[in-house]
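Enquirer: We have chain A; now place chain B onto it with these hints.
Listed in order, the protein sequences are those of chains A and B. For this note's numbering, count along the first sequence from 1 and bump the result up by 2. For this note's numbering, count along the second sequence from 1 and bump the result up by 2.
Note that these hints are calculated values from the structure, not bench results. A portion of the hints provided could be inaccurate.
One copy or two, either will do: identical chains are not told apart, so a pair holds if it fits within one copy or between any two.
Said to hold, decoys possible - Pairs of lysine to aspartate or glutamate, EDC-like flavour, derived with a Cα cap of 20 Å:
no.: 1; residue 1: LYS269; residue 2: GLU129
no.: 2; residue 1: LYS191; residue 2: GLU76
no.: 3; residue 1: LYS191; residue 2: GLU30
no.: 4; residue 1: LYS31; residue 2: ASP105
Each chain, letter by letter, is given below.
2 protein chains.
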Amino acid sequence: MNIPQSSFPRVVIIGGGFAGLAAAKGLEKQELQVVLIDKHNYHTFQPLLYQVATGGLEPDSIAFPLRKRFNDVENFYFRLANVIKINPDKNGIETSIGNIDYDELIIATGSTTNFFGNTNIQKHTMEMKSVPQSLNIRSLILENFEEALLTSNLEERKALMNFVIVGGGPTGVELAGALAEMKKGILPKDYPDLDIRQMHINLIQSSGEILKGMSAKASEKAEDFLIKLGVNVWKNLRVLDYDGKVVTTNGEDNFRAETVIWAAGVKGEMVDGLQAECVIERAARIKVNEFNQVVNHPNIYAIGDIACMASKENPYGHPMMAQPAIQQGKLLAKNILAKLANKKQNAFIYNDKGSMATIGRNKAVVDLPKWKFQGVFAWFVWMFVHLFSLIGFRNRAIVFLNWVYNYIRFDRETRLIIRPFKKKHSANS
Amino acid sequence: MNIPQSSFPRVVIIGGGFAGLAAAKGLEKQELQVVLIDKHNYHTFQPLLYQVATGGLEPDSIAFPLRKRFNDVENFYFRLANVIKINPDKNGIETSIGNIDYDELIIATGSTTNFFGNTNIQKHTMEMKSVPQSLNIRSLILENFEEALLTSNLEERKALMNFVIVGGGPTGVELAGALAEMKKGILPKDYPDLDIRQMHINLIQSSGEILKGMSAKASEKAEDFLIKLGVNVWKNLRVLDYDGKVVTTNGEDNFRAETVIWAAGVKGEMVDGLQAECVIERAARIKVNEFNQVVNHPNIYAIGDIACMASKENPYGHPMMAQPAIQQGKLLAKNILAKLANKKQNAFIYNDKGSMATIGRNKAVVDLPKWKFQGVFAWFVWMFVHLFSLIGFRNRAIVFLNWVYNYIRFDRETRLIIRPFKKKHSANS
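Pulled out of the complex, with its shape left as it was, chain A reads as follows (with noise of 0.2 Å):
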């Protein structure tokens, strides 16, 4: 890794995302050796992802570079590797890039796709949890309709232009507005050959309501704004496989649909090394105390979606999220501290700051902890916070330029198919 050794003690911090990212900024400038490694050599701001997988925003305003976050933090080090395998008899980690040694380790490695051990919808669904993903995304729609337009079969043509989106949740929610916008506002433009009725967006959710986190005034009012935009919103409905063609369901319903998209769940992206009592094999979550020390490992720490802290008010851990991983970073970024100065460490306390959910033009849906409100008013607070949360100047000015033009254009303009999906051959063309 070529990382110098120092008198400080060293840091290494797994993963550059919200959790990380903010455990970083804490311990910057500190007396301390900090390496942060992340497979990426940027930030995702992973809730606008949808925005660049239909097309709203280019992948590199919600993306920022890691080393230009702290490209003036002396003894702070950015390494991009992939993490192998932690030795925690040996405090060291492997990695592909090589070995390093730390004396506090931070795992931040996030989240992935959880298929839940189906191989068929994980060879032929998508996953939108990173910026290639998105953008794979974004290629398949296009690429589809390009092809929509070639066929003679009805059938083939419907199943191009049949969009299935598996899960209920924020990610799936978002993008089934977004898909119905494009129906609505460009498709319709850009393909007038195609019949445009014969485009379906269906929301696929195994529970009772969508939103499931939300308030139930929130879940209504979500569902409400997708059916009138024309998204099919099937509840109480399961997905059982994907063969590449079919959906099939426990239902009558199956689809035959060129796109799906799997946002059914998550799981934390486990790294190896650590013992069995340590890890929630069933969700891939490390199992941690209030101080986000993982058991038995009084110096190897996890926080955000990757740790289990079990409490009262969250038995099955904090929900998988920005928010907690923001405030469970800033906390043991000083609880870290504390602990070199002999200090009194604090013990973490979720502060539920409130959720929303967008679904398309002037229609949102916010939950605060004391008022929940939907519709033109919350789609201006959801714009705000996103943007006031987007790190770095430019990419805020950009985002909002974007959106002010998609706002008043009705237009998405980023429909490029960059890199192919589908015809892997021209990848590099």
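Expert: Chain B in isolation, oriented as in the chain A frame:
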């Protein structure tokens, strides 16, 4: 292809670059059926590709969706396809999505990189004619810097930080300048552990001057600017080979470098099916008369880079640049309309509006027919012209915003490895 038969004559245009787009615009809203075929679903503004390669602009802001440009035009059909072959005898073409007949055919396939038959060079160097290729260069630059951090072998590190750009035309000069600015302002901050003095940018030109097509003053001044920016300019040096490790030349100097960008030549992007007498084999260009008609084929035209119209001023055809392409496209559209109306067609006369190249911040060279100037004012002229040549309000606004930001902050913020180039196994992760 699924394009309906119409009572109007059908004009098929192959290629949505500067030439094809200009022709398509000139033919819209006439008593014609127009079919535009391109292998991308967007028009690429090639003059700014080097800024995508060096992290100054997002790819989406220099590309424009072709469907959007024509989505309110009747009798206009865009098809995403590769053209396989032309069958002049049958007035038809074969494509990756089927065959199509034409009444009039416009070949506007543009140009591709010319490796002059050297397969080693083709295999190991990078080219920069398309958006994906530019993104590959961006990824490679950053990946090599990441790798340079890891090696303790000095020779290897130097090779990873050594950049060779072959070809001193506008592309090579602009790219060398942009890299030099990355060396100055960005890379030392992002990679404080590397000795930036080990980064070298070599621009190799086989003849005695760079920017050969421009005035002697522009050429000298551009060289001067490059040298001030720290670029090693090698003139009268010819690259013979590159095995992926070492660039060998006909001089004393060979270059061990991991990043070699080939900007030493272009040739036409030839399509199969034309008779030998229509084609200039060596340059891969199609011989046309002063009406851009292909020899012996009164209803086939070639325009832009692919066309070679020998004239007194340009005995080997016009320069392979945007201006002749746009002018030929415009005139051809008029001529085709005139031909169908049995009116007089006009011969093409190239109106050379001048040429320009930017080397870096406040440093550009501009040759106008009656006025040649260099420096700060030239740089502003360059920016103004390029900004207003972009298609679409959104693209212009976003490029402008990026330029202002980059200028004020001395920054290039889109230095993201979205799709790794070297580590192909992780291309979709």
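Enquirer: Mind listing which of the numbered hints don't hold for this structure, in increasing order?
Expert: Hint check: nothing fails, all pass.
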